[in-house]
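Colleague: Chains V and R are the protein sequences, given in the same order.
Counting from 1, position 220 in the first sequence corresponds to residue 220 in the working numbering; the numbering is continuous, with no gaps.
Counting from 1, position 340 in the second sequence corresponds to residue 340 in the working numbering; the numbering is continuous, with no gaps.
Hints should not be assumed to be uniformly reliable.
Unchecked claim - Covered stretches of chain V, going by a simulated chain R footprint (3 or more residues, C-beta under 8 Å): (1) 249-256; (2) 278-290.
Unchecked claim - So the derived label-pair ranges between C-beta atoms look like this: (3) R/P180 to V/K94: 50 to 56 Å; (4) R/A218 to V/S316: 23 to 29 Å; (5) R/P167 to V/L177: 35 to 41 Å; (6) R/P225 to V/D294: 53 to 59 Å; (7) R/S54 to V/G153: 27 to 33 Å; (8) R/L322 to V/L177: 38 to 44 Å; (9) R/L322 to V/G293: 28 to 34 Å; (10) V/R215 to R/L40: 36 to 42 Å; (11) V/S316 to R/L194: 39 to 45 Å; (12) R/Y51 to V/D249: 33 to 39 Å; (13) V/S316 to R/Q162: 35 to 41 Å; (14) V/K94 to R/R102: 28 to 34 Å; (15) R/R102 to V/D167: 54 to 60 Å.
Source of the hints: derived by calculation from the structure; they are not laboratory data.
Note that beta-carbon positions come from the ideal geometry of N, C-alpha and C, so glycine has one too.
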Amino acid sequence: MTTMTALELPKRWRVPGWGLCLLVAIVGELAYFTLTTRQFAGHGTGMLDLTEQFAPTGVLALGLAMVILTGNIDLSAGANASLAAVVAGTALEKGYGPVVAVILAVAVGALFGLFNGLVVAFLGIDSLLVTLATQFVVTSIATSLAGASPPYGFAASFQLIGQGAVDFIPIDLLVFLVAGLIVLLGVNYTTPGRSMILIGYNRRVADYTGITTRRTLTAVFTFSGILAGVAGVLLAAYYNSAQPDIGTDLLLPAITVVILGGVDIFGGRGRIGEVILAVFLLGFMSQGMLIEGDSSLSITMVTGLVLIGALVIKFSLERKNFSQLWTARMRRLRTRSPDLDPPG
Amino acid sequence: MTLARNIEAAPPDQRGGSPGRAWPGLLRRREVLVLAAIVLIIAASTAAHPYFWSSGNLAFIFADSVVIMFLALGESFVMLGRGIDLSVGSIMGLSAIIVGFRIQNHGMTLLPAVILGAAIGVVLGLGNAILVGVVRLPPIIATLGTLSVYSGLEFVVTNGNQVDTIPDSFTDLGSHTVLPGVPVILLITLPFVLVAAAVLRHTVFGRSIYAAGDDAEAAYRAGLPVRRVLFMTYLISGLFAGLAGIAFLIYTSGASSTTGINDNLTAIAAAIIGGTALTGGRGGAFGAFVGSVFLTVTLTAMSYAHIADVWQPAGVGVLVLLAVFSDTRSRQGGTGRRPGQRRYRRRQGPENLEVVKA
């Protein structure tokens with residue numbers, strides 16, 4: 001039996017091992033697709049190649065996960081990625097090198113993230129409203145910048161970002177994993193990361209604690225913008241073109257992934273590791289279905305069903321009946337030890 | 001403080017009751033301000049392009065705004081209850097597709113079409129209502145999920161085909177005018193707006209939506225069936241979205257598997273511009289009406305001013321930002337309510353969550 005400290009805060013009940021559930025689901029689905037569809041596994045590396053398809057969604061989801069953890073939302077992330085892709089494409093077309101193009105794209109993403117963050121944090125306007133508006137504006141800018149014939153056919157060195165591989169690991173996947181590691185460590189082990197979670201859990205307490213909530217919020221939105229920029233670069237490099245709606249369709253899957261990864265939509269609760277698992281779960285699911293011949297829109301439908309199904313299960317487990325049953329049982333077990341009952 | 005907030009949270013028609021203060025009260029109402037803005041924009045555009053003030057153009061603007069109007073009406077009910085419905089566009093698309101195929105292949109007439117569209121909307125709205133009202137998922141997640149499901153369904157139902165031959169008996173409603181500048185479809189829509197406004201203002205149910213949206217816990221303690229009320233708002237939202245599908249068929253004379261994909265957020269934008277708050281309890285049916293007309297007038301004026309079409313979404317975005325900026329109450333410091341405050345109250349403890357369960 002684990003020992004408990006008397007100072008443990010009352011916490012809302014949470015399904016234990018949501019990450020474990022996700023992991024089991026991933027293994028199950030990989031096994032299923034490998035058995036039913038020959039192309040899925042390829043020659044062992046086929047599965048890794050598939051990750052190129054959903055790595056941009058994953059990168060976008062990492063930024064969104066941080067924003068959602070603070071109790072906000074960023075509806076402009078998808079449009080931001082599109083704009084970044086178009087910026088990178090236009091820069092390449094104008095003759096700049098790939099490095100400059102990538103830096104420009106990420107900078108533009110950061111700029112709009114910063115704008116969102118400043119308006120949300122310092123004007124105190126609901127992030128849903130702000131990012132709803134910037135989403136429209138950014139879409140327009142991207143469409144206008146791309147013009148009638150969006151840039152395509154980039155230099156090989158730029159395409160390498162989206163299509164190349166180190167040994168057998170696609171660079172897309174590497175970028176996603178590195179970004180995931182940074183976000184994971186940043187959220188779990190740094191002061192701003194922990195402040196961010198507290199802001200999401202309870203903004204007021206965060207204010208009273210002396211956390212610079214506004215600055216932290218702005219930073220989180222900016223970082224989400226940066227990640228959207230990275231996602232845009234990956235998209236442009238993978239598809240070797242920069243359509244102005246290239247990233248817009250990724251917004252809903254990205255939010256879905258974050259929610260499926262167990263992040264509370266009201267903020268304050270959730271784990272980045274589980275979000276990363278959810279990226280692989282949904283990514284492999286949609287790619288597997290694509291290989292099996294389903295259309296992308298029916299995959300959207302299944303994604304929605306999975307989201308609703310998973311959440312209905314999760315919420316009903318976390319709600320009164322089951323959770324009270326569980327806590328009551330745990331409490332009975334604990335009474336054998338001299339520990340205090342956890343308040344609440 | 002609490003009292004002051006509640007007074008401000010009351011719908012605009014309840015404020016500034018004494019006759020002497022009627023004018024400032026009227027000027028403070030969002031609907032009036034937006035109407036004034038509409039008049040201004042029309043005047044300015046007419047000065048620049050005389051054709052703007054012609055029966056044909058005005059009829060086009062109104063017919064164009066009707067689709068968003070229906071969506072925004074339904075969305076208003078949900079938003080007044082402090083919810084959000086991201087799936088209205090897809091519900092509209094499904095309704096347009098299913099009814100459109102019936103009209104195209106089986107010669108369905110208007111009245112059965114409207115009834116079928118409304119029924120489809122209610123059934124799909126029921127999905128949202130159950131997820132939010134019974135399972136108690138947060139509205140934004142629940143409707144995000146149904147958005148995916150419904151837009152996927154759109155594709156499954158169309159199976160690669162599209163509706164493209166809607167008989168003139170339908171499309172005439174959008175192009176024929178009764179008075180100069182007033183298309184038939186607007187006259188058909190107005191009763192819906194009036195009924196929605198009457199329900200919101202003068203029925204127990206309507207008042208309950210405001211109460212539940214402003215403060216669910218207080219409403220519950222006052223004896224209102226909060227969950228049932230919220231359940232109903234999603235049904236109503238679905239109903240209006242279903243009707244919007246018919247309006248879409250009449251206006252565009254076609255539908256495809258991607259119909260409505262971009263209209264979810266536009267509907268929310270129109271409602272916000274009309275003064276309905278995402279934080280619940282403020283706004284109304286007329287807001288949705290003027291909001292959607294304002295949106296269409298502005299976008300049309302933009303194209304008259306030779307601004308490229310790609311900037312139309314930016315126009316919507318800027319309008320939303322302006323609407324929010326100009327609404328001091330939704331900003332920090334306006335009411336003494338800070339952004340996190342409401343959430344803090346809800347977060348007080350699990351017992352509050354239980355209380356909301358009616």
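Colleague: Apply the coverage criterion to the segment 249-256 of chain V and chain R: a residue qualifies when its Cβ sits closer than 8 Å to a Cβ of the chain, and three qualifying residues are needed.
Modeller: Per the Cβ count (3), the hint holds.
Colleague: State, for the Cβ atoms of R/Y51 and V/D249, whether the hinted interval 33 to 39 Å holds or is violated.
Modeller: 38 Å, holds
Colleague: Go ahead and decide if the range 54 to 60 Å is satisfied by the Cβ distance of R/R102 to V/D167.
Modeller: Since R/R102 and V/D167 have Cβ atoms about 57 Å apart, the given range 54 to 60 Å holds.
Colleague: Within 39 to 45 Å or not, the Cβ separation of V/S316 and R/L194?
Modeller: 41 Å, holds
Colleague: Against the range 35 to 41 Å, how does the distance between the Cβ atoms of V/S316 and R/Q162 compare: consistent or not?
Modeller: The hint (35 to 41 Å, Cβ to Cβ) holds, given that V/S316 and R/Q162 are roughly 39 Å apart.
Colleague: Kindly confirm whether 35 to 41 Å is satisfied by the beta carbon distance between R/P167 and V/L177.
Modeller: 57 Å, violated
Colleague: Return holds or violated for the Cβ distance of R/L322 and V/G293 against the range 28 to 34 Å.
Modeller: 47 Å, violated
Colleague: When you take the CB atoms of V/K94 and R/R102, is the distance between them in 28 to 34 Å?
Modeller: Violated: the Cβ-Cβ distance is about 52 Å, outside 28 to 34 Å.
Colleague: Looking only at beta-carbon atoms, does the pair R/P180, V/K94 fall within the given range of 50 to 56 Å?
Modeller: Distance hint for R/P180, V/K94 holds at roughly 51 Å.
Colleague: Okay, the segment 278-290 of chain V and chain R, do three or more residues pass the C-beta test at under 8 Å?
Modeller: violated (count 0)
Colleague: Are R/S54 and V/G153 spaced within 27 to 33 Å by their CB atoms?
Modeller: Because 46 Å falls outside the window, the suggested range is violated.
Colleague: Note whether the CB distance of R/L322 and V/L177 lies within 38 to 44 Å or breaks it.
Modeller: Since R/L322 and V/L177 have Cβ atoms about 42 Å apart, the given range 38 to 44 Å holds.
Violation of the numbered hints given earlier is confined to hints 2, 5, 6, 7, 9 and 14; the remaining hints are satisfied by the structure.
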